[in-house]
Amino acid sequence: MDRQKVRTEADVQADIRQFLLTAPLSLSEGDIENIVLESPLGDRRRIDIELGSAVIEVKRDLRSGKTKDEAINQLAGYVETRTNQTGRRYVGILSDGAEWLCFNLSAGKLHQVSDITIRNAEDDLPRLLAWVEGVLATAQNISPTANEIAARLGAGSSSHALDRATLLILYNENKNLPSIKMKRGLWTRLLTSTLGTQFDDTDELFVEHTLLVNSAEIIAHAVIGIDVKQIDPARLLAGETFIDSGIYGVVEQDFFDWVIELNRGQEFARSLARRLARFDWGSVNQDVLKVLYESIIGTETRKRLGEYYTPDWLAEAVVEEAVQQPLQERVLDPACGSGTFLFHAIKKYISTAVRHDVPVPQIIQGITKSIFGMDLHPVAVTFARVTYILAIGRDFLTHPERGTIHIPVYLGDSVQWEEQATDLWSADNLVVQVEDNRELFTAELRFPEILLSNAYVFDQLVQSMADMASNRQPGSKVPSMSPVFRRLGIQQASHQTVEHTFRIMCSLHDQGRDHIWGYYVRNLARPMWLTRLANRVDVLGPVVA
Numbered sequence: 001m002d003r004q005k006v007r008t009e010a011d012v013q014a015d016i017r018q019f020l021l022t023a024p025l026s027l028s029e030g031d032i033e034n035i036v037l038e039s040p041l042g043d044r045r046r047i048d049i050e051l052g053s054a055v056i057e058v059k060r061d062l063r064s065g066k067t068k069d070e071a072i073n074q075l076a077g078y079v080e081t082r083t084n085q086t087g088r089r090y091v092g093i094l095s096d097g098a099e100w101l102c103f104n105l106s107a108g109k110l111h112q113v114s115d116i117t118i119r120n121a122e123d124d125l126p127r128l129l130a131w132v133e134g135v136l137a138t139a140q141n142i143s144p145t146a147n148e149i150a151a152r153l154g155a156g157s158s159s160h161a162l163d164r165a166t167l168l169i170l171y172n173e174n175k176n177l178p179s180i181k182m183k184r185g186l187w188t189r190l191l192t193s194t195l196g197t198q199f200d201d202t203d204e205l206f207v208e209h210t211l212l213v214n215s216a217e218i219i220a221h222a223v224i225g226i227d228v229k230q231i232d233p234a235r236l237l238a239g240e241t242f243i244d245s246g247i248y249g250v251v252e253q254d255f256f257d258w259v260i261e262l263n264r265g266q267e268f269a270r271s272l273a274r275r276l277a278r279f280d281w282g283s284v285n286q287d288v289l290k291v292l293y294e295s296i297i298g299t300e301t302r303k304r305l306g307e308y309y310t311p312d313w314l315a316e317a318v319v320e321e322a323v324q325q326p327l328q329e330r331v332l333d334p335a336c337g338s339g340t341f342l343f344h345a346i347k348k349y350i351s352t353a354v355r356h357d358v359p360v361p362q363i364i365q366g367i368t369k370s371i372f373g374m375d376l377h378p379v380a381v382t383f384a385r386v387t388y389i390l391a392i393g394r395d396f397l398t399h400p401e402r403g404t405i406h407i408p409v410y411l412g413d414s415v416q417w418e419e420q421a422t423d424l425w426s427a428d429n430l431v432v433q434v435e436d437n438r439e440l441f442t443a444e445l446r447f448p449e450i451l452l453s454n455a456y457v458f459d460q461l462v463q464s465m466a467d468m469a470s471n472r473q474p475g476s477k478v479p480s481m482s483p484v485f486r487r488l489g490i491q492q493a494s495h496q497t498v499e500h501t502f503r504i505m506c507s508l509h510d511q512g513r514d515h516i517w518g519y520y521v522r523n524l525a526r527p528m529w530l531t532r533l534a535n536r537v538d539v540l541g542p543v544v545a
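Quick note on the working numbering: the sequence shown kicks off at 1 and runs consecutively.
For the record, the hints were derived by calculation from the structure and aren't laboratory data.
Treat the hints with care, since some could be wrong.
The calculated lysine to any residue pairs, modelled on SDA-like cross-linking and capped at a C-alpha distance of 25 angstroms, are [claimed, not checked]:
id, residue 1, residue 2
1, Lys175, Ala155
2, Lys68, Arg127
3, Lys175, Gln473
4, Lys347, Val223
5, Lys347, Arg330
6, Lys347, Arg394
7, Lys369, Gln473
Let's have the full structure, built from the sequences with the hints guiding it.
Printed below as a string of structure tokens:
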């Protein structure tokens, strides 16, 4: 819009309102409201435009610094009032038609997170549309192509700028909570092992990884047709809906679910779910999560960390060459990244099985018994798990006779160098060291090696221990493990070691540092479990970007 023309504020407001209604933003007249607010002083204040969870303040010309500052203060009051009235996260937009600014509210003050300036209406209109839609998140049934994901969710989008800024504020305000400090520390420990001296141990990267993993876990639900906008955030990021559906190992309590421990974090998760629900995730036919990762983590950062993603065409060619008999062979990708090789191995298995008229339940069982993935990068593992179910597809996942599904993609070191093996294994026990704040020394979670002979029983044992530890009142008596031992058929020889470990887990719960250990232990045990299988391994060296 031309700011050189003589315009009244009412003219600009009308023009912006008309733009929002006529632009391809999936809006109707009823979506845009004029709201009258009653201020504490008794004067009546009017929001220029309210749209969804956004308040838009319109001015005739923002090039005057005084006008802009006054407008930001005015907008802050509106955003704070609507946030308090509704309990939802509101954002503020300030515009004169040419300049558009997006703000996030924290501690009663607005912080600018994104902006765009339009100089030529015809040339800049596509950029403005993408910017506005990213803030408002109103479009529906977007095809999840690489271009759409990068444009609407990538680092250059207003959507990502808003979500990242919100999450960083939440983290900075709560990073000293014991459970968040513990998860941050375990994340550092794993990525130091994975990336060595190249690892950039910053709060900003931890927040970026949190946003990526939370996004992937929400996408996982959408893949099987779940309306993520209607699910409680705590259930969403803990994977409880998957468990209820009999699908295990996709979404777990992990390093990045600290968001749902916070009241404002749950609202953030709801907002993120609404943004991601715009896409038609059931129509995916490629590894889209690596696109999401690459669009957020810049090329130079990925090169410095040695993170390279294999192109789909190359992964497909390697699988075609390496896997000659998909229904008879076992495939392990020991450094699976986002799961590109797994995706194409599963697709080849399905196409072969369908040609041989194999029933759907047998196809799914065959896939999960013969195609495995592992990586030491926690973000990669989450992505690969979601990619795994993307490859299986919504039709198979929702088949009425599919049975229980366990997704065999694990967080762990598939190489197990001698030093690492010594750290993890001692006297025929899996040993996981934890820092117990009540002790002067490092405590150890120990599990007899014999328990790993059945991966699913081991998973259930560790999950039961984690649930029992977290469901008891802090400081209360440690409950008996006997019912769990009987239910799972745990032999007497293992009872004493497991009971000692359970007492430590209860102590960690009393310190607010408990449930992550179930996730951590189950995944670190995977390399030893996989050595019991005669797996075929398809590996591709790094592809230079």
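Here is what the structure says about each hint:
Restraint check for Lys175 and Ala155: satisfied, since their Cα atoms lie roughly 24 angstroms apart, inside the 25 angstroms limit. Pair hint Lys68 plus Arg127 holds up; C-alpha atoms about 23 angstroms apart against a cutoff of 25 angstroms. For the suggested pair Lys175 and Gln473, the alpha carbons sit about 24 angstroms apart, so the restraint of at most 25 angstroms is met. Straight-line distance between C-alpha atoms of Lys347 and Val223 comes to about 16 angstroms, which keeps the hinted pair within the 25 angstroms bound.
Distance hint between Lys347 and Arg330 is fulfilled; the C-alpha atoms sit about 14 angstroms from each other, no more than 25 angstroms. For the suggested pair Lys347 and Arg394, the alpha carbons sit about 13 angstroms apart, so the restraint of at most 25 angstroms is met. This hinted pair does not check out: Lys369 and Gln473 have alpha carbons roughly 39 angstroms apart, beyond 25 angstroms.
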